[in-house]
Amino acid sequence: MDAEREADLLEDEPPQENGVIQSTQGLYSSTSPPASDDEPFSTYFEEKVPIPEDVTQMFSFRKLWAFTGPGFLMSIAYLDPGNIESDLQSGAKAGFKLLWVLLGATIIGLLLQRLAARLGVVTGMHLAEVCNRQYPTVPRIILWLMVELAIIGSDMQEVIGCAIAFNLLSMGRIPLWGGVLITIIDTFVFLFLDKYGLRKLEAFFGLLITIMAVSFGYEYVMVRPDQGELLKGMFLPYCENCDSAQMEQAVGIVGAVIMPHNIYLHSALVKSRQIDRGNKKEVKEANKYYFIESTIALFISFLINVFVVAVFAEAFYDKTNIEVNAKCNASGSPHTDLFPLDNSTLQVDIFKGGVVLGCFFGPAALYIWAIGILAAGQSSTMTGTYSGQFVMEGFLNLRWSRFARVLLTRSIAIFPTLLVAIFQDVQHLTGMNDFLNVLQSMQLPFALIPILTFTSLTSIMDDFANGLVWKIGGGVVILVVCAINMYFVVVYVTSLNSVALYVLVALLCIAYLSFVCYLTWQCLIALGVSCLDVSCLGSRMSLTGHTDIYLLNDMDSNTMVER
51 MDAEREADLL EDEPPQENGV IQSTQGLYSS TSPPASDDEP FSTYFEEKVP
101 IPEDVTQMFS FRKLWAFTGP GFLMSIAYLD PGNIESDLQS GAKAGFKLLW
151 VLLGATIIGL LLQRLAARLG VVTGMHLAEV CNRQYPTVPR IILWLMVELA
201 IIGSDMQEVI GCAIAFNLLS MGRIPLWGGV LITIIDTFVF LFLDKYGLRK
251 LEAFFGLLIT IMAVSFGYEY VMVRPDQGEL LKGMFLPYCE NCDSAQMEQA
301 VGIVGAVIMP HNIYLHSALV KSRQIDRGNK KEVKEANKYY FIESTIALFI
351 SFLINVFVVA VFAEAFYDKT NIEVNAKCNA SGSPHTDLFP LDNSTLQVDI
401 FKGGVVLGCF FGPAALYIWA IGILAAGQSS TMTGTYSGQF VMEGFLNLRW
451 SRFARVLLTR SIAIFPTLLV AIFQDVQHLT GMNDFLNVLQ SMQLPFALIP
501 ILTFTSLTSI MDDFANGLVW KIGGGVVILV VCAINMYFVV VYVTSLNSVA
551 LYVLVALLCI AYLSFVCYLT WQCLIALGVS CLDVSCLGSR MSLTGHTDIY
601 LLNDMDSNTM VER
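Residues are numbered in the numbering used here as their position in the sequence shown, beginning at 1, plus a constant of 50.
Some hints could be false.
Said to hold, decoys possible - With a straight-line cut-off of 25 Å between C-alpha atoms, the simulated BS3-like cross-links for lysine-lysine are:
#, residue 1, residue 2
1, 330, 98
2, 113, 331
3, 282, 113
4, 113, 369
5, 282, 369
6, 521, 331
7, 334, 521
8, 377, 113
9, 250, 331
10, 245, 369
11, 98, 377
12, 113, 334
13, 521, 338
14, 369, 250
15, 113, 245
16, 98, 369
17, 113, 98
18, 282, 98
19, 250, 113
Hints in this document: simulated from the structure, not taken from any laboratory.
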């Protein structure tokens, strides 16, 4: 059976034309038939960006520019409507006190994205493809379903964010369901921009990030936050006089920033550059430039997030509903009824955030806020769709036409989003957003554990496998992140106050924790805890017992060495 599989893999080697590597997306399929000639299998990677030769310099801006793109597409997940809502709630509830949490979460995110990029560069495969090759059938299918749930949850937040932006820009004339339909249509259009060139698509995403920076930067300049308090909140890891609500908000920041599907996305996007993986010098150089690019991209996304936190911390921290009601009434806002006449602390979301900005700083602030939210929702919806495509292609070896794949990945998330938009009012979406955050938090182990596992295996990464420091550090970081997010899940579930739901959640937790323990077991073996490698189970359940693990030094060559 292994010989047959290896033969199939060798037959599917990627063609080369004039020295340019063609698409390798179908390389790892051992069960799917080849695409028909009349309907070629097309991918995001049909065009690979060439890297300029410059052997005289240790650092080249020309090379950095050539590698620039994937990191910025990845960074959009740090700027999606879910993150923006977490930012504004952090500012309104805790002022500047939790900026250090945002900074720490972004740094942790950068380290995890580094692992994802290295996996894609060294192996020529993204995380879903590696999972498909390394995990047995049942765990692989469960893993795919869990990642799909995370993508659906993220996509719902992003599409709803766009719909809210359309509602704000139209002064309520476009209902929520109408905004969802508009987002579906324009996303289909924008997703085919890469047919005009990969660099043009990346430039379009750069434009959307620029729109977000200008929009939220305008709000920041207009509000003029206290710079001393901002710096204190960013670099002093302490939350003075914080209660449970503010602690829960800190946990929510970590959950919003580190998203599971983004690990899968980044490991795929780095395949878009022309790299000779048989040349260790080129691989090492690619890893270096991708890390620099990711650092720049996440620094920009961090600044944009800081703009949002600072605006709401300066203008609306400790504000009460009755104060906001009076201000909105004086400004003639049609949304005064959103804020009851009581002294409870102001609760804001993306929609209410735009309304209060309009009440305090004029209509221009509301419209510019809505434009920023629209850019955030539109860009993250597109990258979320790419994530869905990569995950389905990798786990299931799909070889469908481009339109069919886009249609399927969009439909999976669009139907539940449309139902929410039809039956929910735009003013009452906070509960759904909390549920979606919990859903994504629960899926984090299914991205973080596999990425640490595979980047630690020398059979996969060769000389680029994680060293002892990265193994220990990565394990500790992933343990902390998962623990924080599980705390967030527990807090949410206990707030439901339903015995029946408690029983259901307890049963689901048993299955959930069992699968997490299985992945952790495999990860610990990869990290070098050899005593856990049960030889009698190895041939069926263990990564180390698989006979189809290949040494993936150069996936573009005609050589594939069996372990």
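Hint check results:
1. 330 with 98: 19 Å, holds
2. 113 with 331: With a Cα-Cα distance of about 14 Å, the restraint between residue 113 and residue 331 holds, given a limit of 25 Å.
3. 282 with 113: Not OK: residue 282 and residue 113 at ~37 Å, beyond 25 Å, violated.
4. 113 with 369: 49 Å, violated
5. 282 with 369: Status holds; Cα separation ~21 Å.
6. 521 with 331: 23 Å, holds
7. 334 with 521: Cα-Cα ~19 Å, so holds.
8. 377 with 113: 53 Å, violated
9. 250 with 331: It is violated: about 29 Å lies between the C-alpha atoms, which goes past 25 Å.
10. 245 with 369: 49 Å, violated
11. 98 with 377: 54 Å, violated
12. 113 with 334: Satisfied, since the Cα-Cα distance of roughly 13 Å is no more than 25 Å.
13. 521 with 338: The given pair, whose Cα atoms are some 19 Å apart, holds under the 25 Å limit.
14. 369 with 250: At roughly 44 Å apart (the allowed maximum being 25 Å), residue 250 and residue 369 break the hint.
15. 113 with 245: This hinted pair holds, its Cα atoms lying about 24 Å apart.
16. 98 with 369: 52 Å, violated
17. 113 with 98: 14 Å, holds
18. 282 with 98: 44 Å, violated
19. 250 with 113: Cα-Cα ~18 Å, so holds.
Hint compliance for this structure: hints 3, 4, 8, 9, 10, 11, 14, 16, 18 are not met, and every other hint is.
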